[in-house]
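Student: All chains, please: the whole structure from these sequences, using the hints.
Chains as they are written, first to last, in our numbering: chain A, 1 to 446; chain B, 1 to 1024.
Think of the hints as simulated: they come from the structure by calculation, not from any bench. Misleading hints may appear alongside valid ones.
What the hints assert, rightly or not - Only part of the chain B face toward chain A is listed, based on derived beta-carbon distances under 10 Å:
(1) LEU200
(2) LEU205
(3) VAL221
(4) SER498
(5) GLY525
(6) VAL559
What the hints assert, rightly or not - Which stretches of chain A does chain B cover? Using the computed rule of at least three CB atoms under 8 Å from a CB of chain B, they are:
(7) 104-112
(8) 157-166
(9) 210-223
Glycine residues also receive a C-beta, built at the ideal position from the N, C-alpha and C atoms.
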Amino acid sequence: MSHAPRMDRRTVLRGLAGVSLALPLLEAMGREVAEQTPRRFCALYTANGMSLPHEKNGLPEWSWFPQKEGKDFEFGKSTEPLRPFREHLSFLGGLHHPSGLKADPHLCSDMWLTGAPLHNPKPGAFNSVALDQVVAQHTKQHCRQPSLVLSIDAGVGFLSRTGTISYNQEGKPIPAENNPRRVFDRLFRGDRASLAAQREELQHRTRLVDAVVESARALNQQLGQADRAKLDQYLTSLGEIESRLIASEKWIDKPLKVQDHSHLDLDVTSESGRPGDYYRNMFDLIALAFDADITRSVAFMLNREDGMGISDTFPLKLGLDRTHHNLSHAGDKDGQLAFARYDLFLSQQVAHFLGRLQEYRDASGTVLDNSIVLFGSGASTTHNPTNLPTLVAGGRNLGLRHGVHLRHPHARLSNLYLSILRSLAIEAESFADSTGVLHDSIFTTV
Amino acid sequence: MLVSCRLLRIRPLATMLVAARCCGHGIVLLLLAVTTGHWARGAELPADDADSTAATAALDADFRREVQPLLAKYCVRCHGPDEMSSGVRVDQLTGTAEERHLNLWKGIQRQVDAGAMPPDDEAQPTAAERKRLAAWIGRALDVARQRPRPNHGTIRRLTVAQYRNTLRDLLGLLEDFTEGLPPDAPSKDGFTGDAETLTLSPLILEAYFDIAERALDAAMVDEARPPAIQSFRMELGSGINPEPCPDQLILGANSELLPNADFVVTEPVLDKPFAFEPRRMRTAYEFIEGYQGNDTVRGWRKYDSIYHSVFACIRGTPGYPKGQAVAVVPQGMLLRPAIPSEEVFGQSNTYGPMANFKISLRELPVQGNFRVRVRAASYDDALLLDAGSAPQRPASGQVVANLSDSAENNVTIGEAGIYQIDVERQPGEPTGQLSLKLGDRQVASTLPEQKGATTSDEAQATAFALTRLPAGDLEVAARMGNEGHPRRLIFTRVTEDSEAGRRFRAFEERRPWLGVYLGLRRDCGSTLARVGAAQPVARRELTEYVFEGAIRDFPSPDVEPDNVNYLAGIREIGVRSEYTDGRDRPRLWIRSIEFEGPFYETWPPISHRRIFFDSPSRGESDEYAREVIRRFATRAFRRPITPAEEESLVGVFRGSRVKQRNFQASVKDALLVVLTSPAFLFQIEASTGPQAEDVAPHELASKLAYFLWNTAPDERLLELAARNELHAQLDAQTARLMRDPRFGQFVDEFASQWLSLEKLDVVAIDAARYPRLSRDVRAELRREPAEYLKHLLAQNRPLRELITSDYVVVNEMVADYYELPDRPESGLAFVPLRHGRGDLGGLLSQAGILAGLSDGRESNPVKRGAWLARKIIAEPPDDPPPNVPELKEDAAANLSLRERLELHRNQKGCAQCHAGIDPWGLPFEAYDAAGIFRSGREDDTRSKLPDGTDVADLNALKTYLAGERIDQVAFGFLKHLATYAAGRSLTYRELAVLRGEGLKLRASGYPVQDLVRLVVHSDPFLKK
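Tutor: Written as structure tokens, this is what we have:
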């Protein structure tokens, strides 16, 4: 009996991990491919779960998860606005973070994008790195901004009631921006003074890296016959850093892609105006940033857990009779229906976003086809961290095959995240507590 | 597509490389073991280069003629470019016995010898062909073994731990900047310091740049600007605050706060030998979100009191099993040991132990070191007696406090000594909390319900406590519940030697251990990390205990400065009496807790002065800059810098000056280049050619320090290197390094990696099955092997004690876990202790190791066997081949473990390896997945070892290893030590020499320090 190993690119990478010479080749390859096709990621978080009405209330058609599984699923009433994107999205059920079951339920938004064991935190740790920041780490050299971190409320909130879903490599929260005008100014209008300062800083760093290169070269000559493979690795890495700095400096001079911004209304804020106007403008900004390749990684927290912040009042503004947190606790028929109607509102916003991504085009297909959009919550219904509502859209050019409602009972959300990373051509071994990629799912190249 | 194809072709080569590196040398060591005597004589070592070249040429010729055709005929179809069955490919093997192919050759030899390959359904070679193949491989391995290793020096990156320690020692900063560095991958020998596996990537190098920048910013200050220092003190004592905050304070759901009158917060003016600005805490706030009970309350409210910024908080006090968890008395606060939450609730959670005291506050400095000073003492306490203890019989000299009319009374104690206090309750008051005051001392506990109580006058007495009393008048006050009081207290003197007297003396000699924590408050508890090690509190008088840390090493709550939530962004300073195993110990008496940060001993701080040192040319001149840079780079590079290096670095400084950067920033630029240069980041041993050379003096200084301290060499080593005296003083310096406290950094690191202790960190223990293996106990068990090794090294014990000994090295928690008959009285400190047990002693029966080698539910003889073979006797099995089929469940369903293993062993392809693993693992079967001995497993522990020796159980195996096989154990230890010290896998030849050298220590019983010295004197260490 023979077991002919099927080898894919990753097996090769793993096998090669100890072989230094092959790595630059692979990185070069990765860069080349990535420059042809921007691979992007956008995480959208909604707090407090979705409406999954009790059977006794007789509202099956208002369940956020579609009634049927597989290819034949039908959109429920609260996801109806997403129907035009049927072939561009999938519903994934049954996923969860195993650590979520053990943690205080209010932590579900803190850990949604990180999978950190917040019930038993490592001494000294706050959280762990979020998926969008892993993506940013690998895409930042191709675009102007490593990532864009947005939220309904500015800042970071606080542990267990976080105001951001993005955490850096050290697990520290990354402050989110919530004001459309400020976001626009930062992304599309670098002012002269800050550009000059930025350039000076980059040049300064390049100069220091040059000095290090010089000292390494001098050392290399002193070493005589010594085995220089390790130093070669060092010099290669240094070269890579230098080229990244030079690339960053180039962005300063490179004119932005010419775009139509006339549809934006930058006076809208989360406090003033209608919630729909606010979300539409934020989503338009993300779509524009993707289109101009300003960033390839976005995290957007649509609303916050447990009645925190302004988003709790949005259902009231929309004519529903309870706040967001209270709706999520509703067990009665009226309450669950109203909660589902709020889901409907959110579906409209997401549908608007997907539509925008479909309008913009890269060299190879639409922006939607080159982007993975993850939309979900850290609870299925309030405080229940299992069967997390999860929708994955876009990425048809990245190997995603859509148009299904799949159940992955008790599968790890981190396995989905690893699959997303792999689809984005990021050769991660694991993410948080992942045990592997998500099998029998919508990913064909992981 | 083209690219992938190329990569695919690289794959088999890579696999073999990895395999060659991975499997180590042990397979061949099996061979070596057989030929030990031969090698020990060293008759054929070393072969010279010419011999070796000739032998290789002959080998290659025979390969082409005799071997290659056989491989092509019988093997390549499955193990060639098309199929690569099991990831093995033989078509690329050459006839020169390349080092990287040796393990594959060894594997082929085994498969061919056993007739396992080619498989039955394939064409079979003739017996003669098999013999020819095996003979050639045998010769090839011989040639390879005798081949001298080309010496090209080494260049290896510092491990994360070495880098962290080096940066700390160089800059004089406590802070750990390495959080963002990815952990180093372990080599197949388990060591992270292997030059092969220590790779570098742009990601890591970027992190080095970032760390260098942050570390230098932290080290340097603006000398002219006095520092802003925050300091406050919380004093504790009932009614201590004459002006308590009038508000009812609430800090979230279930908040338990000390009464407002029982603590005072002040911001005393510090006495520092330099000018500074006191940074007073902000007290005026306006919040919109707060809590009332469990509800969020919205509405703007203004606050202006320090008591809305600093809280005295306790959590988890109700339900303490014996006595009160926390008591506030006029003299201060009394804390009983903080029982870990999982011991109480059966699961871990973030609420923390019961009870824990915390100062919760809104503001701490953002960076720098801090100090927490705690004025504490061991309380002159009473030992509470367990329910059901017998009251003393009436005796002469009993002193009775009659309290039938009043809660207070005075008595006269005739003779100083230990007294038992028994209580007679009022009729109709069968239970309740009894609070007792004896002079100015306090003790309280809930009295057990009294059976058959009692309306009669003849109330029964209940035994309550033992305490030591001085002679003379004693004020006695006693309360039952809220309002009542008992009828009588009876004081009966017990002699020092009575059972009660002995118990009390043991109790009063125990020390509470003071632990200080820092972190953040969360709604569901806290995230806290310990500041330094817990300290034993021995004295009865208040004494100051100091804890120091770097504030950024602790979790902080990260809220925006304009946060408007009353509960958000709260920091916490936790203070506890540490729990060990639940034994009674005097309470920890805390009078005050003081915080100071950033903490500077001097201004400018030492980290700054180390860079900008005193010099006649001190100022902003280029000359001084040159001195600063030269001195810093010399220390950072661990050797004198070359004139070219100096010019280059000074050039960086000048370049920055030209760009209008100020003096200090320009110096920093040059130092940043130093900290990111390969001379800092790597351990470098330069080489002039492939022949062996002595390591240079400065290279030796670094090698010695990174080996025995896991950090950079100190000034003494560098000085000796500069004078070229280090080689001559090698033994004296080795001895000095082993006596230094930094030697512990080596033992911890080495023990952890050698023995794979990290496995205990990741194994998911089935908490329902092994409730005693809690998180806290695991942390102590994980320390046991290193503490044991430290003891062996410090005392230079014979190596056999690695395997078997009549003592263990334990603290109170570990001793409790093993349920030792004699309990140590050492608190958290590890001490040697005779175990008097048949199932303990030596590494092999340490629970932390055994639990790590389980799956958390069941013991695992395969893991334990492989561990023993690999780590202890250095006869490692091959890695399982890729794509190993799992044993079919149905086939194994009704079989015992032994039978299942046999089934597995009998499968083709598995047999070869498992025959070298399972027999070593079976004797461990008497130890469960939590590492605890269970009797009645005699049938499971019998084993026939690979060399045919029968052992009945682990003790027999230990006896065998510590006796007949002690040479092999010594070799295993030496091999791991030398591999760790050299930072690379050793060649067959080097290992053979090492084995021979090791045998010279046999007569003296292999003292462990001598084994370390042997490694320091070995060629892999001294030659490059």
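Student: Decide, hint by hint, whether the structure agrees.
Tutor: Okay, the hints, checked on the actual structure:
1. LEU200: Check passed: Cβ of B:LEU200 comes within 5 Å of chain A, closer than 10 Å.
2. LEU205: 4 Å, holds
3. VAL221: 22 Å, violated
4. SER498: 45 Å, violated
5. GLY525: Holds - the Cβ of B:GLY525 comes within 10 Å of chain A, reaching about 8 Å at its closest.
6. VAL559: 5 Å, holds
7. 104-112: Satisfied; 3 residues make the cut.
8. 157-166: As far as the segment 157-166 of chain A goes, the hint holds, because 5 residues have Cβ atoms under 8 Å from chain B.
9. 210-223: Check passed, 9 qualifying residues.
Hint compliance for this structure: hints 3 and 4 are broken, all remaining hints hold.
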